[in-house]
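J.: Those protein sequence lines, which keep their order, are chains A and B.
The numbering of the first sequence is our numbering, which starts it at 1 and goes up by one.
The numbering of the second sequence is our numbering, which starts it at 1001 and goes up by one.
A couple of the hints might just be wrong.
[Said to hold, decoys possible] Heads up, simulated DSS-like pairs for lysine-lysine below, C-alpha to C-alpha not over 30 Å straight-line:
#1 K1215(B) x K26(A)
#2 K252(A) x K1026(B)
#3 K1227(B) x K1026(B)
#4 K1026(B) x K29(A)
#5 K215(A) x K190(A)
Hints in this document: simulated from the structure, not taken from any laboratory.
There are 2 protein chains.
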Amino acid sequence: MIEDKNQQRTQLSDLGEFGLIDHLTKNFKIKQSSTVKGIGDDAAVLNFEDQKVVVTTDLLVEGVHFDLSYVPLKHLGYKAVVVNLSDVYAMNAKATQVTVSIAVSNRFPLEALEDLYAGIETAAKIYDIDVVGGDTTSSNTGLLISVTALGALSEDDVVYRNGAKPNDLLVVTGDVGAAYMGLQVLEREKEVYKVNPNNQPDLEPYTYIVERQLKPEARKDIKELLKGLDVKPTSMIDVSDGLSSEIIHLCKQSDVGCDLYENKLPLDPQVISVCEEFNIDSTTVALNGGEDYELLFTISQEDFMKIKGNPNFSIIGFMKESKEGMHLVTRADTRIPIKAQGWKNFND
Amino acid sequence: MIEDKNQQRTQLSDLGEFGLIDHLTKNFKIKQSSTVKGIGDDAAVLNFEDQKVVVTTDLLVEGVHFDLSYVPLKHLGYKAVVVNLSDVYAMNAKATQVTVSIAVSNRFPLEALEDLYAGIETAAKIYDIDVVGGDTTSSNTGLLISVTALGALSEDDVVYRNGAKPNDLLVVTGDVGAAYMGLQVLEREKEVYKVNPNNQPDLEPYTYIVERQLKPEARKDIKELLKGLDVKPTSMIDVSDGLSSEIIHLCKQSDVGCDLYENKLPLDPQVISVCEEFNIDSTTVALNGGEDYELLFTISQEDFMKIKGNPNFSIIGFMKESKEGMHLVTRADTRIPIKAQGWKNFND
């Protein structure tokens, strides 16, 4: 919301498509041994030896998934990569490569795309992955980013959504609801800015939740963490659309039911206080907020002692027979059926 | 350009995102042995055993790459897959899987997306590949399709762009320039239609070139064909941006020059006659038209007898030392430097 009046502006048409790709990716280094050939041919060539390969893809669309009035392009590039890696980690795989395609209107100068790619490069560094391909093209309107992520794992390590059994424990990493409340704060500040553009937003009290929204992290660490504890989840999914929605996916695909305990939901203190400030129910936010990019998984009861008390994990419920349905057990000990809300893009 | 007044229209919001993906992909069958798990989890799981993997991605944007006033959605879905497979074949790999993501505005009814996916499904059937993932989201304006294609090959089979040597022969499959002239015909008919919407276009004399534009095919057959002839190209690329542009890529990446013979350029008779009709130079069209999705490759002179006279291939020139540059040798035996024109999207 703070404009730099001295921005350099280089027209994209000054470079042309090939010049643009070359320019944006020239600093990208290949680090993964599985990358035989990265950007620069008709396709990348990868060597996974006897490992299995996972592949996942996501689109981020301006005006639907992000609002450039408060999302810095560097953060956007970072986030576009991270949300895809999260899906790779949800298979219990190691992320290895991404391809990144963008469609962008002429209103963006080259410097804006450089920021976007700086974020992509930072994510690639931090998550130790290679950017091995992509496409850049013009669009008639806004910005769109399409990322495909690849990962590798040994066959024994694969964790699907469909392996949960009755009595398995339901576990979530980190905390939930923060990204959604970060979005509420940013949306509010945007409205304030519209009325008074000289008003500098004070985001200090909201640092954690704003960062969770603008610069989420994927749980690269969980695979190793669980391996070290000798725990293999029976099912797993990442929390992108909201906890409720993901629980429903696990239950439906595993053909089980579930009891989820409201008092076990991991909420950051900042989420609780901002929920009070906004007069929003924090449980609703935890269940339906989404964009947490935490991992939700189930483990056998036998593994309970291995993760009990571990600060990375919260045991939030347990699985039941399918016919018993999916319920939230509230603090008042009432049982409410779990419904997905998620991101209903097409209702916008 | 012919509107069906009785179209059924189902709003996308009636299904929601998950319902939409399920609905659109419910008929997709898994056929590749390398697909362990397709659509339905956080990521697809693939098993390439000891094969190398190639991955490539392309974006198609409404108003930039296609015009829905004359491109049927079914053809568009087909083409979106095929243009990516073309890149896989250009590595001398076998195409195995694709992911397909779409961003679409609410102005499209469900039936339109069903047509698009019918085209994707047809391409998957014909090219024997699996659709293993994707994403659907709303967009504020038009339609955008992002496809990532995967392929497999043994290490010995990989053909890069950078292996051409001086004296190698330059070979192209099929013929070139037809897709571009097909586009000219469709653009002209669109203008006629704008003036008189009752005027039914007669595309009969343009069948071949219009089909090359609307429903291009990728050269799945070339890998086996060359293997049967015991020929391994020294370098290869697919012709998407235009022959000139692709020749320049091969030369630059291989550090060689090239003489290209105007009288050897393979042109379909329909292209020649429509070029006359439009008063366009057919050589310019052959060199800069693009969207041919043929394969351009170089072979050692030793392999000359193996492909000489083969109707699938035209020997159009030969490679030289880098310092001799890249030239078109005209029918009048003058030498003109080769320049790329290609698709300059950002200049539009």
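J.: State for each hint whether it applies.
T.: Right, here's what the structure says about each hint:
1. At roughly 35 Å between alpha-carbon atoms, K1215(B) and K26(A) are farther apart than 30 Å, so this suggested pair is violated.
2. At roughly 17 Å between alpha-carbon atoms, K252(A) and K1026(B) fall within 30 Å of each other, so this suggested pair holds.
3. For the given pair, K1227(B) sits about 36 Å from K1026(B) by alpha-carbon distance, which is inconsistent with the 30 Å threshold.
4. Pair hint K1026(B) plus K29(A) does not hold up; C-alpha atoms about 40 Å apart against a cutoff of 30 Å.
5. Straight-line distance between C-alpha atoms of K215(A) and K190(A) comes to about 18 Å, which keeps the hinted pair within the 30 Å bound.
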